[in-house]
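Student: If you want the building blocks of each chain, they are given just below.
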Amino acid sequence: MSFVTNFPLFTIVLSLFSGVLCYLLKGKAARKYTFIYEIVLIVMVGAVLVYTYREGGSFTYVMGEFPAPWGNEIRAGVLESVMALLFLVVMRCSLSAGYRFVETDIDESKTSLYYSLINLMTAALMAIIWTNDLFTGYVFVEILTLTSCGILIVRELGRTTLAAVRYMILNLLGSGLFLLGVVLLYNLTGNLLMVPMQQVIAELAEDPAVMPVLTMAVGILTIGLSIKSGLFPFHYWMPDTYGWATPASASILSSLVSKAYIFLLFKIYYRVIGIQVFVRMPIRDILLVLGICGIVAGSVNAIRANNINRMVAFSSAAQIGYIYMGIGLGGIIGYSAALFHIMAHALTKSQLFLTTPRLAEVSGDSLKFKELQGSALRDRDAGVFFTLAALSMIGIPIFAGFASKLQFGLAAAENASMVKLVMVMLALAVSSMLNALYFIRTVIRIYAEDPRKDVRAHHRSGYNVPMLVLTAGNLFLGLFSWVAVNLLQTGLGMFS
Amino acid sequence: MIEHLLINNEEAAAIILFGIGFTMLLFQRNLIKKLIGMNIMDSGVFLFLASMGYIEGRKAPIIVDGVQETAAYINPVPAGLVLTGIVVSVSVTAVMLSLAVRLYKRYHTLDLDVIYVLSKHQMEDR
Chain A
1 MSFVTNFPLF
11 TIVLSLFSGV
21 LCYLLKGKAA
31 RKYTFIYEIV
41 LIVMVGAVLV
51 YTYREGGSFT
61 YVMGEFPAPW
71 GNEIRAGVLE
81 SVMALLFLVV
91 MRCSLSAGYR
101 FVETDIDESK
111 TSLYYSLINL
121 MTAALMAIIW
131 TNDLFTGYVF
141 VEILTLTSCG
151 ILIVRELGRT
161 TLAAVRYMIL
171 NLLGSGLFLL
181 GVVLLYNLTG
191 NLLMVPMQQV
201 IAELAEDPAV
211 MPVLTMAVGI
221 LTIGLSIKSG
231 LFPFHYWMPD
241 TYGWATPASA
251 SILSSLVSKA
261 YIFLLFKIYY
271 RVIGIQVFVR
281 MPIRDILLVL
291 GICGIVAGSV
301 NAIRANNINR
311 MVAFSSAAQI
321 GYIYMGIGLG
331 GIIGYSAALF
341 HIMAHALTKS
351 QLFLTTPRLA
361 EVSGDSLKFK
371 ELQGSALRDR
381 DAGVFFTLAA
391 LSMIGIPIFA
401 GFASKLQFGL
411 AAAENASMVK
421 LVMVMLALAV
431 SSMLNALYFI
441 RTVIRIYAED
451 PRKDVRAHHR
461 SGYNVPMLVL
471 TAGNLFLGLF
481 SWVAVNLLQT
491 GLGMFS
Chain B
1 MIEHLLINNE
11 EAAAIILFGI
21 GFTMLLFQRN
31 LIKKLIGMNI
41 MDSGVFLFLA
51 SMGYIEGRKA
61 PIIVDGVQET
71 AAYINPVPAG
81 LVLTGIVVSV
91 SVTAVMLSLA
101 VRLYKRYHTL
111 DLDVIYVLSK
121 HQMEDR
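If you read the sequences in order, they're chains A and B.
With the working numbering applied, the first sequence covers 1 to 496.
With the working numbering applied, the second sequence covers 1 to 126.
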């Protein structure tokens, strides 16, 4: 075994350790440490990706050398590595583009706590991606919930506290259901590791008396995680949560935290239930319908929003709908389309949430559309980056948004019935139109004639580079989507 | 149907508790009552796990008198899961209570609907 196989565990353990360390450091030192540490993590995960791709297979890391039905395991393959790499890059970019806002939004004595929470959150994200044990998954889901609540309330406004309470209540409902689902599956299978669980479930699924119970357990798990990730009709907490957090937190919450829950759900379908058993359950069709409802509802709400952050947040609800639609379509193309959209959306949405506060800053600290008029002329960098991300959200070719819409269309044409095909195509058409409506409206607004020509943006170092990285990732996914899709499908091949 | 529920009375009670807690967490307007609901919900799951790990007449898997066959012992994993779950539940409750304190200091009420209306009128609304 190569030394690289230790890296997945290192990413979790070192992040937990860094969380404690950052608490002890002073604010500025904690920030510098976290920035360097995230780069180290990116290098480690990159090494794991190269290793698994070269070896053409995944590896299982058995902690404490207790063999399979006992013990706890970590598993790394191409898919997990790609996701971990994406999460870390987006997190690093959000932090370095947003740290100036962290300084102004948060009391100086609490800055080190913020980076402490960020490190704990990294540990939770990494653990959810790598783990091969369902209960470990639950524990880290709870850690992720608590840390995301933490990075939300560090900005001490009344509204953020209220938003955090509402966010936590829904998340707790989700966690409760998820725990119940895990316990029911444990009751049925007697295992918590994913591989033995899948073997037992494959046998159980042959029994027509057990299948309804199994479906119920998976249904409860699905409801739990879809509440947490904000699938329609549980999307209404998004605008308050994302709109009031400090920009780096909003970007991390919208592009990473909700995606981690979806990735865990995906992992459960693939590795615990087994995709052959899962396609026999009616859950898929429900997810497809709810996904499409989410796309339409999110877009309509975004059009009605009077505030740019609310608009972007509601558009997140629509994008979550896309991902669930991909899972609902099924087939390897459908799943890879869903995963591709996770990547595309993570890169685009973080960019949007990091540009809107700068536009607001030069508009008298207001996020209202009326005040934002001409803001892109006052802050040219933010305007350009906002426009690029908006074009990707609409689905203009050469951007990632277009490539993922194409993938969804292909998946629907490949393996959906006529009814589903029509539904999906209609949803794609309608949502592209609505997206274009509200994003182009916003872009025109921010480039409209400038009512306050005297205001100019402060130059902020360290902002353009991370934004350029995000844009480059976006363009790469758009222009060379086949590379990413190929990688994801290779990963999916090793996944089951 | 009823006999099944009576035989598995612990599981039935657990699911009923879960349902009570879940609806409280969802529909109560008072934040403290919501948190009580959350704890009831978690207790339901823990009861379910604990009853799964208990078989009458069997002992905890600690070998004292040389009995080695598995039929004499219970599975200790569910008890471990309950412990982990309780730790998680306690920490979540602590965080939520601290949030409740913060909200109460600011708005002088724990009724979430009232707080929502109050927060709408604040100057923070950008």
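Honestly, I wouldn't trust all of these hints.
[Claimed, not checked] Quick partial rundown of chain A residues pointing at chain B, CB under 10 Å, derived from the structure: (1) ALA29; (2) GLU142; (3) LEU177.
Everything labelled a hint here was simulated from the structure, so no lab data went into it.
Glycine residues also receive a C-beta, built at the ideal position from the N, C-alpha and C atoms.
Student: Would you settle whether the hint for GLU142 of chain A is holds or violated, based on the nearest Cβ-Cβ distance to chain B being less than 10 Å?
Tutor: GLU142 of chain A check passes; min Cβ-Cβ to chain B is 5 Å, inside 10 Å.
Student: Does the CB of ALA29 of chain A sit less than 10 Å away from some CB of chain B?
Tutor: 26 Å, violated
Student: Under 10 Å, Cβ to Cβ, is where LEU177 of chain A needs to be relative to chain B, so tell me if that hint holds or is violated.
Tutor: 8 Å, holds
Comparing the model with each earlier hint shows a violation of hint 1 alone; every other hint is respected.
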